[in-house]
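Input sequences plus hints: build the corresponding full structure.
So the protein sequences, as listed, match chains A and B.
For the first sequence, the residue numbers in the working numbering are 22 to 356.
For the second sequence, the residue numbers in the working numbering are 414 to 812.
In short, the hints are calculated from the structure, not lab data.
Be a bit skeptical, because a hint or two may be false.
[To be verified] Simulated restraints on C-beta separations: (1) B:PRO714 x A:GLN315: 22 to 30 angstroms; (2) A:GLU264 x B:ASP763: 27 to 35 angstroms; (3) A:ALA271 x B:GLU695: 20 to 28 angstroms; (4) A:ALA29 x B:GLY493: 48 to 56 angstroms; (5) A:VAL345 x B:GLY778: 35 to 43 angstroms; (6) B:ALA663 x A:ARG93: 46 to 54 angstroms; (7) B:ARG770 x A:ARG272: 33 to 41 angstroms; (8) A:GLY354 x B:GLN477: 22 to 30 angstroms; (9) B:PRO420 x A:ALA323: 45 to 53 angstroms.
Each residue gets a CB set at the ideal place from its N, CA and C atoms; glycine is no exception.
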Amino acid sequence: MTAVSPHAGVRLHIVTGKGGTGKTTVASALALALARQGKRVLLAEVEERQGISQTFDVAPIGHQETRIVHERGGGELYALSVDVRQSLMEYLQKFYKLGRAGTALEKVGAVDFATTIAPGLRDVLLIGKVYEAVGRRRGGRHHDRDDLAYDAVVLDAPPTGRVVRFLNVNAEVADVAKVGPIRTQADSITRLLRSHRTAVHVVSLLEEMPVQESVDALAELSAASLPLGAIVINQVHEPLIGEKDLRVVARGVDSLPASVTADLKSVSVRTSAAMVAGLITQAEDHVDRVELQQEQEAVLLAQRRQVYRLPMLPEGTDAGGIRVLADVLTDQGMI
Amino acid sequence: MDAAPPPPLDLDALLRDDATRIVVCCGAGGVGKTTVAAALGLRAAEAGRRVVVLTIDPARRLAQSLGLSELDNTPRPVVGFDPAAGGSLDAMMLDMKRTFDEVVEAHATPEKAQQILANPFYDAVSSSFAGTQEYMAMEKLGQLRSKAAREGTWDLIVVDTPPSRSALDFLDAPKRLGSFLDGRFIRLLMAPAKAGGRAYLKVFSGGVTMATSVMSKILGGQVLQDVQTFVAALDTMFGGFRERADATYALLKDPETAFVVVAAPERDALREASYFVARLDEEGMPLAGVVVNRIQRLAAPTLSGSRALAAAEQLAERQSGSGNPSAVSETAGLTEGLLRLHVSLAQTADRHEALARRFGAGHPGIPMVEVPAAASDIHDVEGLRSVGEALAVSAPARR
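This is the structure we're talking about:
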């Protein structure tokens, strides 16, 4: 457990996964785990879903970075929901000192055009904001070179179906802009995204479709030269019945109902044939589920990435649940 | 006091009603929309309807079982369904790019179409335009509906919607395209192409001139030029596009359409479902009801979770115990396992139940049906049939 984490040098953690696999939950847990190590961490979302504020049960988060957790050990977690219009305005201001022109652009509908229609631009702006946060230095220029505003940034990225296009800003922009400042910006972003300072983690469930999408996404990410991080398996059902007993259930031993009935009676549970049959049916379904999970896990393991497992929390994930998951990620050495 | 339970959603009645011509399944990603759409299609076909299912992005094995090996925009008969009732079942997967190309080809002269398809900007727009997939799904729906009316091939179209960035994308797509085409900025971009040369400078106010020059500075002149050519080429077909967008919107509002919102008993998915329900209502879209998919059910509901936990602990104590080993049965460990599994399932079932109940209370009068979670993934016609059965059980509300 004291071994150096494979992601120790990573400054930008990008978390993706099929819709419904819990990528916001995993991104939140990862960010919280980093903060609990005493780091200053930014957790960013880019789809205006307010997933972060809902996960941590805090007021809606906007384009202003807001501190949502302060750890006793000094760690801090900030959250940001990137707004594409404001990113464009910031971008115009930063590179062109165009405060007033920005307003003019807004008036003629160019901002609408750029942020909702022009392909690629939207993504460049969204990821550009994250890029800026990764590289930002604290305070004025006189500070130490290493005095970065954030020790780590965790991005709750779009789902697997869209993530490669989202991250592959260079290719996207190349379609429309071969030269010019947008292109230069896209190039710097791409340099960060393809470096060892970035890791793209894929969240999966042990079900067929999420696993298939994860495998596809890993291949696509790798084809786009994006640095693969870990596979995080979410909602793992802990085996509640021992392997030997599972085999007994799977075999369908005839005497099983009678023995179970006797066991239950011995601890004064009032039984009925239907109830005992029901308990056994539940176990049979569980056997099927376990087999399916093993099958799907083998597919993920064959990807030869680091794999971390988060337990299914039967009570659901609220802010307390995220803490539990953050500790699990730390214990398993993800960070 | 609990609120009155929601009325049951009777999907069988909906599917068997000849007046129902389109069923749109929508909901957050990962809730089983595609499976529900396919199961509804199968059930309707086996009740005698002639059905086509339009899927967007099915799981590989599910697609294979439906006979969809390619993403080629062609409806193909589904193998393994039971035609005894006189129905038919076709399925197809949406090819977004191809559909866009077809729209362009249908609305422009061959020469113009050529120009548009060859423009580098078109390539980018047709594959990554925000909402392209949503728009194209709706476009394809419109096409299928016309074909059905023209040729009598199908009398029911079941559509699975794309896993949208947000709940609203797919309803907004037709309108957004319209406003894109009507946008002032687009008009502005087209001005030079129309007026020729730099004459437009005189026409527009200083602010606008500044805006174009800024855009040109940021994007680079070549981009703006590509956009201008593209937009000018599209201009001829603007009317057609907008008409189509309006027609699609009208089709969605028509009483022959029924929206089925699919949700899973998870906070986020239900929140998304709430958006859908509110939005459909706001737009006056015909909402049939909500399917709460994958609800955990207990096979031994008479045993409470807390009683099971107490019994499991007693059995555990006895096994580890100091007492007489002969008093411990051989299956004590197994029975303890069954009980612990039951405890966990009961906890999940309670949570699902509470979430569904709260959702029902928050949307009074909206018909709802709950579908129990299957033990394994659904990837064949047999599995879809059982999902269809579960969907159709218009179980009187249990609460």
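Cross-check of the supplied hints:
1. B:PRO714 x A:GLN315: 22 to 30 angstroms: holds (29 angstroms)
2. A:GLU264 x B:ASP763: 27 to 35 angstroms: Taking Cβ atoms as reference, A:GLU264 and B:ASP763 lie about 28 angstroms apart, which means the hint holds.
3. A:ALA271 x B:GLU695: 20 to 28 angstroms: This hint is violated: roughly 51 angstroms between Cβ atoms.
4. A:ALA29 x B:GLY493: 48 to 56 angstroms: holds (52 angstroms)
5. A:VAL345 x B:GLY778: 35 to 43 angstroms: holds (38 angstroms)
6. B:ALA663 x A:ARG93: 46 to 54 angstroms: Since the Cβ atoms of B:ALA663 and A:ARG93 sit about 59 angstroms apart, the hinted range of 46 to 54 angstroms is violated.
7. B:ARG770 x A:ARG272: 33 to 41 angstroms: Given about 39 angstroms between the Cβ atoms, the range holds.
8. A:GLY354 x B:GLN477: 22 to 30 angstroms: Violated, since A:GLY354 and B:GLN477 (Cβ atoms, about 39 angstroms apart) do not stay within the stated range.
9. B:PRO420 x A:ALA323: 45 to 53 angstroms: Since B:PRO420 and A:ALA323 have Cβ atoms about 48 angstroms apart, the given range 45 to 53 angstroms holds.
When the structure is compared with the earlier hints, violations turn up for hints 3, 6, 8 and for no others.
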